[in-house]
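Engineer: Next come the chains, spelled out residue by residue.
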Amino acid sequence: MDRLVFINESIKQKLSLAENEALEILILTYPLTRASADTTNGFQQSQTPEISIDLDISLDGEGSSVLIRQASLVAGETELSTRVSIEHNAKKCRSNLLSKCVLSDRTSKSSWQGNVLINPGAKDTITYEENRNLLLTQGAKAQSEPNLEIFEGDIISAGHASATGRFEYEQLFYLMSRGIDERTAKSLVVRGFLLGALADVSITEAELEHFEQGIEAVLEEK
Amino acid sequence: MNVLEIEDLQVGVDGKQILNGVNLTVNEGETHAIMGPNGSGKSTLAYSIAGHPKYDVLHGSIKLNGEEIQDLTPDLRAKAGLFLAQQLPTEIDGINLSNFLRAAVNAVTGTQINVRDWVKLLQAEMSNLKIPVEFANRSVNLGFSGGEKKRTEILQLKLLKPKFAILDETDSGLDVDALKIVGEGVNAAKGEQGFGTILITHHTHLLDYIKPDFVHIFANGKVLESGGAELAENVIKNGYSNWL
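Protein sequence lines, in the order shown, are assigned to chains A and B.
Per this note's numbering, residue 1 is the first one in the first sequence, and the count goes up by one each step.
Per this note's numbering, residue 1 is the first one in the second sequence, and the count goes up by one each step.
It is possible that part of the hints are untrue.
As the list claims (entries may be wrong) - Far from chain B, some chain A residues (derived; all Cβ distances over 12 Å):
| # | residue |
| --- | --- |
| 1 | 13 |
| 2 | 56 |
| 3 | 89 |
| 4 | 109 |
| 5 | 152 |
| 6 | 179 |
| 7 | 187 |
| 8 | 196 |
| 9 | 216 |
What the hints assert, rightly or not - In silico lysine to any residue, SDA-like type, Cα no more than 25 Å apart, as pairs:
| # | chain 1 | residue 1 | chain 2 | residue 2 |
| --- | --- | --- | --- | --- |
| 10 | B | 161 | A | 182 |
| 11 | B | 79 | A | 187 |
| 12 | B | 149 | A | 165 |
| 13 | B | 163 | B | 106 |
| 14 | B | 54 | B | 88 |
Said to hold, decoys possible - Some residues of chain B that are not near chain A, with every Cβ distance over 12 Å (derived):
| # | residue |
| --- | --- |
| 15 | 15 |
| 16 | 27 |
| 17 | 64 |
| 18 | 96 |
| 19 | 118 |
| 20 | 179 |
| 21 | 180 |
| 22 | 188 |
Everything labelled a hint here was simulated from the structure, so no lab data went into it.
Glycine included, C-beta positions come from ideal geometry on N, C-alpha and C.
Bound conformation, chain B alone:
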């Protein structure tokens, strides 16, 4: 069984410590919601796991199936089975979505999918997520609306079939319809692939669609309390005041 273990993770950015000892274990198939106010370090956790060099790991470990991944570059972490859906997906002029995704799928699976199979696969998945087919030939995320970017992240999640998916504020900036499409997309991918999920959010909208097995209240760079879905209910009623 796949397992992602984070132990006493302390991380600094630009000389300032943001994470103060995070412990989190996610097993295959589990959904863990990380909930906390803005500025509590949730995104730092996401980027540290994905391997962004701006985030310095000061202490602790990140292990995927028992192997420390701290020394791996982001591409090797993706190949090892990690996926980060960004809060604000980056726009990249020059490379179209189809070529980008084919290169990514080839890299992650270590195969060379032929063009005809690829086009068929991509079109089917785009249609499931209601992404217009012409987006395949547009530069990655360039000029996409907020909702289109988020749906494109979920498209990547479906195609790259990771062992663990980190969804960083995937619900932010989405209207109800887009939220439903994204939620259903994640559930469908999860149903097919059974990956473990870390769902980072500061409100509870996406939790209406994606039911967490565990909820962790996150503030000041660490997990303050862990529990079941009832913790999220508490946040809906009382906000984060109980923990701050």
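The shape of chain A in the complex, shown without the other chains:
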């Protein structure tokens, strides 16, 4: 299985998958800490306030498949825009896209668009796309647009979902009323939410560690 990893960088790529080709894509966006920035040899460092993820994936060969996992922590004045398009052009292709985003500040923004297109002839397709956002504060903005177009009647399943929720004081109170301090409560929720997107994708220990450091750094400032 091929694997592509994009960490804290803007991307614009078109990919075509051939017969039986399987691809995993991992996209992580988070604020770099000084500690992780110093040690992230080879990781592209992007502290620019705008990050754009633009991916076009064509499943052109029969039996090709793509699994995409995106976890983002958008803090400060960062704006993350994501557009992922997946075209099913052949039989028995699979696509699965899960994207989770936490927005931590009033000035943080995310816009997300997932476009799944099932073209005529793409029989026995299985596809699923989901985008979930968690707002930690009033004012943070998340747009979500999961699109699904189906031009083939003989498919197995095609699903899409989107939800944006808010971490509110009542939730913090609930956790605290069970003995968990405020800092730990926030960390549990944010980590649980984001790491939930990474359960079934390959990720190295270093990648995970830097991501978790990014999460803790944002929570530390709050």
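Using the hints, position chain B against chain A.
Structural biologist: Just chain B now, kept in the frame of chain A:
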């Protein structure tokens, strides 16, 4: 012996006084039912004891074993031994029930339970309360039915072993079967742990399962009359008309 003492407690919410001088003393092992009509301030009492910042204590004291707890944040009150089962337990996306409860048990007991022991303990307690085992990996209360949420509250009560449990309308929205499971769950926890209980309710269904030692009629933000189980019988027959 553990004792929770509430003295002349006056509490305001959003600039409006809701509690008008509540006096209540609960000793270890005792069950006190607080009964009163909707809007009488029963839940305000529950949240004030648990330390929700929306509720301003204007006057009076809340003492646990002689120590004033008003200045403690909700997590410190839980560590001191208080537990509030909410009427409408909050849904929290992102954190699964097992991780949440392990963090809570670790925080309250001050220990680090190892994962294998934890899974065993959690599964046993969930099975006692007929909570499907897969709920352990679902986000806290998210998408749970009313009955499942209430059972999950009782699961927490069993695991956190408080000195005093406040059950806020735990019987609301439960069918007979769920009521029985919840009632038996509370009794089992109480039998094991001997905590004092404040049982808040506006009807008497749960009292069929959990027998109160004391019943307090609550209206207009204060206790109007206190007595034994016979007071609850009176409410069943006549409602709250005698007191309003």
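Engineer: Closest CB-CB distance from residue 179/A to chain B, is it above 12 Å?
Structural biologist: It is violated; residue 179/A is separated from chain B by about 4 Å at its closest Cβ, not greater than 12 Å.
Engineer: Would the non-interface assignment of residue 152/A survive a Cβ cutoff of 12 Å against chain B?
Structural biologist: It holds; residue 152/A is separated from chain B by about 32 Å at its closest Cβ, greater than 12 Å.
Engineer: Holds or violated: residue 161/B with residue 182/A, Cα cutoff 25 Å?
Structural biologist: 21 Å, holds
Engineer: Far enough from chain A: is every CB of that chain over 12 Å from the CB of residue 179/B?
Structural biologist: Non-interface label on residue 179/B holds, nearest chain A Cβ at 23 Å vs cutoff 12 Å.
Engineer: Just to be careful, I want the Cα atoms of residue 54/B and residue 88/B compared with a cutoff of 25 Å; is the pair within it?
Structural biologist: Holds - the C-alpha atoms of residue 88/B and residue 54/B are around 17 Å apart, at most 25 Å.
Engineer: Is the Cβ of residue 15/B farther than 12 Å from every Cβ of chain A?
Structural biologist: Per Cβ check, residue 15/B is outside 12 Å of chain A; nearest 18 Å; holds.
Engineer: Can we trust that residue 96/B is non-interface, i.e. its beta-carbon lies farther than 12 Å from all of chain A?
Structural biologist: Incorrect as stated: the minimum Cβ-Cβ distance to chain A is 6 Å, not above 12 Å.
Engineer: Could you grab the alpha-carbon distance between residue 79/B and residue 187/A and see if it respects the 25 Å cut-off?
Structural biologist: 19 Å, holds
Engineer: Examine each Cβ of chain B, and state whether all of them lie more than 12 Å from the Cβ of residue 109/A.
Structural biologist: 20 Å, holds
Engineer: Minimum Cβ separation between residue 180/B and chain A greater than 12 Å?
Structural biologist: 25 Å, holds
Engineer: May I ask you to check that residue 188/B keeps its beta-carbon over 12 Å from the closest beta-carbon of chain A?
Structural biologist: 20 Å, holds
Engineer: Beyond 12 Å from every chain B Cβ: check whether that's true for residue 89/A.
Structural biologist: Label holds. Min Cβ-Cβ 35 Å, cutoff 12 Å.
Comparing the model with each earlier hint shows violations of hints 6, 7, 8, 18; every other hint is respected.
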